[in-house]
Amino acid sequence: MKNIIKIVILGIVGFGILVYLTAPKNINKIDENQNVTIESLPRYFDVLGKNPYTKMQDLFKEGEEKYLVVLNHDSLVVFKELYKKIDKNNIVLIANISNTPWIVKQIAVNGELEKMYKESKIPLINDSDGAFISTLGQRDTKQNKYFVYKLFTNGEIKKISEGNVKEKALENGLSKDELEKSLKEIVKIFE
Numbered sequence: 216m217k218n219i220i221k222i223v224i225l226g227i228v229g230f231g232i233l234v235y236l237t238a239p240k241n242i243n244k245i246d247e248n249q250n251v252t253i254e255s256l257p258r259y260f261d262v263l264g265k266n267p268y269t270k271m272q273d274l275f276k277e278g279e280e281k282y283l284v285v286l287n288h289d290s291l292v293v294f295k296e297l298y299k300k301i302d303k304n305n306i307v308l309i310a311n312i313s314n315t316p317w318i319v320k321q322i323a324v325n326g327e328l329e330k331m332y333k334e335s336k337i338p339l340i341n342d343s344d345g346a347f348i349s350t351l352g353q354r355d356t357k358q359n360k361y362f363v364y365k366l367f368t369n370g371e372i373k374k375i376s377e378g379n380v381k382e383k384a385l386e387n388g389l390s391k392d393e394l395e396k397s398l399k400e401i402v403k404i405f406e
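Take the sequence shown: its letters are residues 216 to 406, numbered as in my numbering.
Calculated directly from the structure, the hints in this document are not laboratory data.
Among these hints, one or two may not hold up.
Unchecked claim - Label-pair distances were calculated between CB atoms; the ranges are:
1. Lys221 with Lys396: 48 to 58 Å
2. Asn387 with Thr356: 15 to 25 Å
3. Ile220 with Lys270: 47 to 57 Å
4. Gly388 with Gly278: 14 to 24 Å
As the list claims (entries may be wrong) - Straight-line Cα separation of at most 27 Å, DSS-like style, residue types lysine-lysine; simulated pairs:
5. Lys300 with Lys336
6. Lys330 with Lys303
7. Lys333 with Lys396
8. Lys396 with Lys374
9. Lys300 with Lys333
10. Lys281 with Lys221
Every residue gets a Cβ at the ideal spot worked out from N, C-alpha and C, and that includes glycine.
Modelling step: build the complete structure from the supplied sequences, incorporating the hints.
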């Protein structure tokens, strides 16, 4: 029995050390006021349900208008239902999970994102390495925030909106009324 307890304790300590060692370090970020263009975007990224090395040109083309929506932790649960409220194919969601330790991403987060967004018609980029938020100069990682950027036809990208969803929405869930209220506010951004 003592050996089992020792193994369990060592396992917990080992897992804690692994999480600590794989926690992300501060990423060098572009200044939020710096001019960001389509050329600044990462060349390859992981789109859920598709090839993990999707080319930038597959989603973003100069001369095409798009909305890029950066989703922090809690906003992921609200935006998974956006495709039911809006019929536009010019929206790309970006899951900002760059502050999550690598081991936790591999064990839980990536699979949970796949499950949450399997029916969504809106592409979701898994920004696990922080390449998109770094490019956009996004520094606010408050868990219930989201940020909307617009890619204009001239290739320029500007932040046009930001908002909040209910705190702890991912852990505690949302009532149908809370979800509807949040989605109604969000849809106004794209009209």
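State, for the Cβ atoms of Lys221 and Lys396, whether the hinted interval 48 to 58 Å holds or is violated.
holds, 51 Å
Starting from Lys333, check that the Cα of Lys396 is at most 27 Å away, please.
Given that 27 Å is the threshold and the Cα spacing comes to 23 Å, the pair holds.
Is the hinted range of 14 to 24 Å satisfied by the C-beta distance from Gly388 to Gly278?
violated, 41 Å
Restraint status (C-alpha distance of Lys396 to Lys374 at most 27 Å):
Given that 27 Å is the threshold and the Cα spacing comes to 23 Å, the pair holds.
How does the Cβ-Cβ distance of Ile220 and Lys270 compare with 47 to 57 Å: does it lie in that range?
holds, 51 Å
Is 15 to 25 Å a correct range for the gap between the Cβ atoms of Asn387 and Thr356?
holds, 20 Å
Holds or violated: are the alpha carbons of Lys300 and Lys336 at most 27 Å from each other?
holds, 11 Å
For the pair supplied as a hint, Lys330 and Lys303, is the alpha-carbon distance within the 27 Å limit?
Holds, at roughly 22 Å.
Against the 27 Å threshold, does the CA-CA distance of Lys281 and Lys221 hold or violate the hint?
Status violated; Cα separation ~55 Å.
When you check the alpha-carbon spacing of Lys300 and Lys333, does it fall within 27 Å?
At roughly 16 Å apart (the allowed maximum being 27 Å), Lys333 and Lys300 satisfy the hint.
Checked against the numbered hints given earlier, this structure breaks hints 4 and 10; the rest are met.
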